[in-house]
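**Student:** In order, the protein sequence lines correspond to chains A and B.
Note that this note's numbering has the first sequence beginning at 1, numbered continuously upward.
Note that this note's numbering has the second sequence beginning at 317, numbered continuously upward.
For the record, the hints were derived by calculation from the structure and aren't laboratory data.
Every residue, glycine too, gets a C-beta built ideally from N, C-alpha and C.
Some hints here could point you the wrong way.
Said to hold, decoys possible - From chain B, some residues computed to sit far from chain A (all C-beta separations above 10 Å):
id, residue
1, V390
2, G436
3, V450
4, P452
5, N458
6, S466
7, T478
8, S509
9, L513
10, S517
11, G518
12, R543
13, K550
14, K566
15, F597
Stated by the list, open to error - Straight-line C-alpha distance at most 25 Å; calculated DSS-like pairs for lysine-lysine:
id, chain 1, residue 1, chain 2, residue 2
16, B, K599, A, K270
17, A, K270, B, K550
18, B, K599, B, K566
19, A, K303, B, K599
One letter stands for each residue in the lines below.
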Amino acid sequence: MAATDRPHAPTAKARRRRLFPYFRHAVLIAWSLIVLFPIFWMVSTSFKGSGEWVAWPPHWLPHQPTLYNYQQILAVGPLATAPSREATEQVYNIWKAVGDSVAIATLSSLMALLMGTFLAYSISRFNVGGKNFRYLVLTIRMVPPIVIAIPILMYYAVLMPYTTDLLLGVRVSLFDTYVGLGLLYVATTLPFVIWMMLSFIDEVPYTLEHAARIMGAGRIYTLRRVVLPLVASGMMVTFLFIFILNWSEFLLSLTLTQPQVSTLPVLLNKFQSAVEGRLYGPQAAIGTVITLPVVVLGILIQKHLITGFSFGMLRK
Amino acid sequence: MKLVLAEMEATPKRPAGLAAWLAQERIFRLVPFVMVEGMFLLLLALPFALTIYISLLRWRANRPFEQAYFQGFVNYARVIAEPEFWWSLGRTFYFAAAAVTLELVLGFFLAMLVHQAFRGRRLYITIFLIPMMVVPVVVGYNFSMIYVDSGPLNQILAPILTPFGVTARIRWLSHPLAAQWAIILADVWQWTSLTFLIFLSGFAALPPELINAARVMGASRWQIFRRIQLPLLKPAIVIAVVIRTMEALKLFDQAVLLTFGGPGDSTQTIAFFLWRQVWQFNKYGFGAAASVLLLLLLSSLIYGGIYLLVRERALLQQPEGRG
Chain A
1 MAATDRPHAP TAKARRRRLF PYFRHAVLIA WSLIVLFPIF WMVSTSFKGS GEWVAWPPHW
61 LPHQPTLYNY QQILAVGPLA TAPSREATEQ VYNIWKAVGD SVAIATLSSL MALLMGTFLA
121 YSISRFNVGG KNFRYLVLTI RMVPPIVIAI PILMYYAVLM PYTTDLLLGV RVSLFDTYVG
181 LGLLYVATTL PFVIWMMLSF IDEVPYTLEH AARIMGAGRI YTLRRVVLPL VASGMMVTFL
241 FIFILNWSEF LLSLTLTQPQ VSTLPVLLNK FQSAVEGRLY GPQAAIGTVI TLPVVVLGIL
301 IQKHLITGFS FGMLRK
Chain B
317 MKLVLAEMEA TPKRPAGLAA WLAQERIFRL VPFVMVEGMF LLLLALPFAL TIYISLLRWR
377 ANRPFEQAYF QGFVNYARVI AEPEFWWSLG RTFYFAAAAV TLELVLGFFL AMLVHQAFRG
437 RRLYITIFLI PMMVVPVVVG YNFSMIYVDS GPLNQILAPI LTPFGVTARI RWLSHPLAAQ
497 WAIILADVWQ WTSLTFLIFL SGFAALPPEL INAARVMGAS RWQIFRRIQL PLLKPAIVIA
557 VVIRTMEALK LFDQAVLLTF GGPGDSTQTI AFFLWRQVWQ FNKYGFGAAA SVLLLLLLSS
617 LIYGGIYLLV RERALLQQPE GRG
């Protein structure tokens, strides 16, 4: 018996080794399906007419594909001229929100990038703010945003109008303004910028700058001509990363704007609590419109996502 | 004369005015620091000081600020006596613990399967990373659609559940327990991508010589995993735990989008609770006190997390040839 047992053991092992690739592909394909399904469902729903949104059994693909939902949200086509009382036939113009989102996300990301890059340079080269400053910055990112939102609300909506009224005689409030929300986005994304840019700038050898300085280049000239070209790609990646963050931000935008300024996530949320009942089709269309650009951007900077999310602690 | 020449040589031509002033080292190094610090002070520290002050007032938003009067720590006492504050805090920790555990296990397992070279690896990685790029609000919307009682998820589950004698459709968003897990699963769907990514970069950083040497010396797969890979992956694991826990404690978007805190209070997280008190009930003093209290309660966790990150980062940055 023992003699037959012995050759059996290696073959079982060999079989396991041979089957392992199939097992791996099975698991990975299963997870891929799980990952892709919600996105597939959204895109599929965005092409469905109102009768197919909720059907039992569900329609995996629209039986009668239509662009109606996109016409509704983008306000194009025959719909734009013929308003209707039916919720499912109204026009939900999202262009204002698209404009707001693009403007706020772009400008605040740019500003955070500029400030953060210079500060990262100072920290890396001169150790500005002391050894622990870079860790202190992280606190802002760790605090739940609601704890930031409540003070900001009172600051913007109460203290600011109150003090400006006393001092200047006009009530100035940053509540529900582009500046108010944008500034807050700058402050909340700065930790990411500082950490990501630190990881890029720390890699630029100081000797390069030193050489340029000795040869008589000014400080700002050195920064522009020596350091900047070397970290430019890093700055691009950082910009895209925080752009995605700002584009997706919901809590601050929900709490500190309305009705003047509205970003896309807030707009989508308004549909969710709509009184006329849920409008799955237009919502799916909005979701697709919001998601596609950031997924494309995200895939572009895929290699650097790890740097961003781990605050530059892990590198690809 | 000589002295003047020497001086001229020592100071090469520089741009005059503001640029020159900025280029001085002691100024130059401080400019960005002062800018950013000033912004933090004005935008975060000042409002927070104001919040502490307001938390001591008796004041609701429907009354002018001038009419609010000082009442000491009454708001704090009220928050502490409010059971829903503690319930939603506990619920937030429960969601975070469940979601982060699942994410860590799944992410680790997937990264383990993907880290070696094989055909199609890059495609899988790209697909697995998509969820974290999707806007969280859209994730909430997507899942609210999938969880519909007569929706696709119940359709998929039906053939799996019927052999067990369960024929009822799961009421994902209207049953308290199911709603809680609906939120947890949506979080797992989105953020397993991040733990996967962190572990993947951890696996990529493992020194192959070490593992080859162990294999040559006859170590089994399990031994290699347990004695070599796992200890070397510890920094990645700690970073994943800290970052994901901190993020999971912020849970808000899905609670609003999927269930709006309901049914009842069963999915009300602490962020949602605070939001409701301030933005729906206009209880400013109460909200201010609750947020100060929450920050105090979380501060030890926050600093513990940062301490762990710093420690692991120091381990990661040790010189390469330590092994």
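**Student:** Is the nearest CB of chain A more than 10 Å from the CB of R543 of chain B?
**Tutor:** With a cut-off of 10 Å, R543 of chain B remains clear of chain A, as the shortest Cβ separation is near 20 Å.
**Student:** Can we confirm that no CB of chain A comes within 10 Å of the CB of L513 of chain B?
**Tutor:** Since the minimum Cβ distance to chain A is about 5 Å, L513 of chain B lies within 10 Å and the statement is violated.
**Student:** Non-interface claim for N458 of chain B: all C-beta distances to chain A beyond 10 Å?
**Tutor:** N458 of chain B not clear of chain A: closest Cβ-Cβ about 4 Å, inside 10 Å.
**Student:** Measure nothing beyond the straight line between the CA atoms of K270 of chain A and K550 of chain B; if it is 25 Å or shorter, mark the hint as holding.
**Tutor:** Violated: K270 of chain A and K550 of chain B sit about 43 Å apart, past 25 Å.
**Student:** Beyond 10 Å from chain A, beta-carbon-wise, is S509 of chain B?
**Tutor:** 8 Å, violated
**Student:** Does the claim that G518 of chain B lies off the interface hold, with its Cβ farther than 10 Å from every Cβ of chain A?
**Tutor:** 7 Å, violated
**Student:** Does the no-contact call for G436 of chain B survive, Cβ to all of chain A over 10 Å?
**Tutor:** Not fine: 8 Å to the nearest Cβ puts G436 of chain B too close to chain A.
**Student:** With 10 Å as the threshold, tell me whether T478 of chain B passes as away from chain A on beta-carbon distances.
**Tutor:** 14 Å, holds
**Student:** Given the proposed pairing of K599 of chain B with K566 of chain B, does the C-alpha separation stay at or below 25 Å?
**Tutor:** Within the cut-off at roughly 21 Å; holds.
**Student:** Would the non-interface assignment of K550 of chain B survive a Cβ cutoff of 10 Å against chain A?
**Tutor:** Non-interface label stands for K550 of chain B: nearest chain A Cβ at 13 Å, farther than 10 Å.
**Student:** Test the statement that S466 of chain B is away from the interface with chain A: the closest C-beta pair must be farther apart than 10 Å.
**Tutor:** 4 Å, violated
**Student:** Closest CB-CB distance from V450 of chain B to chain A, is it above 10 Å?
**Tutor:** Violated, since 5 Å does not exceed 10 Å.
Figure legend: structure checked against the earlier numbered hints; hints not met, in rising order: 2, 3, 4, 5, 6, 8, 9, 10, 11, 14, 17, 19.
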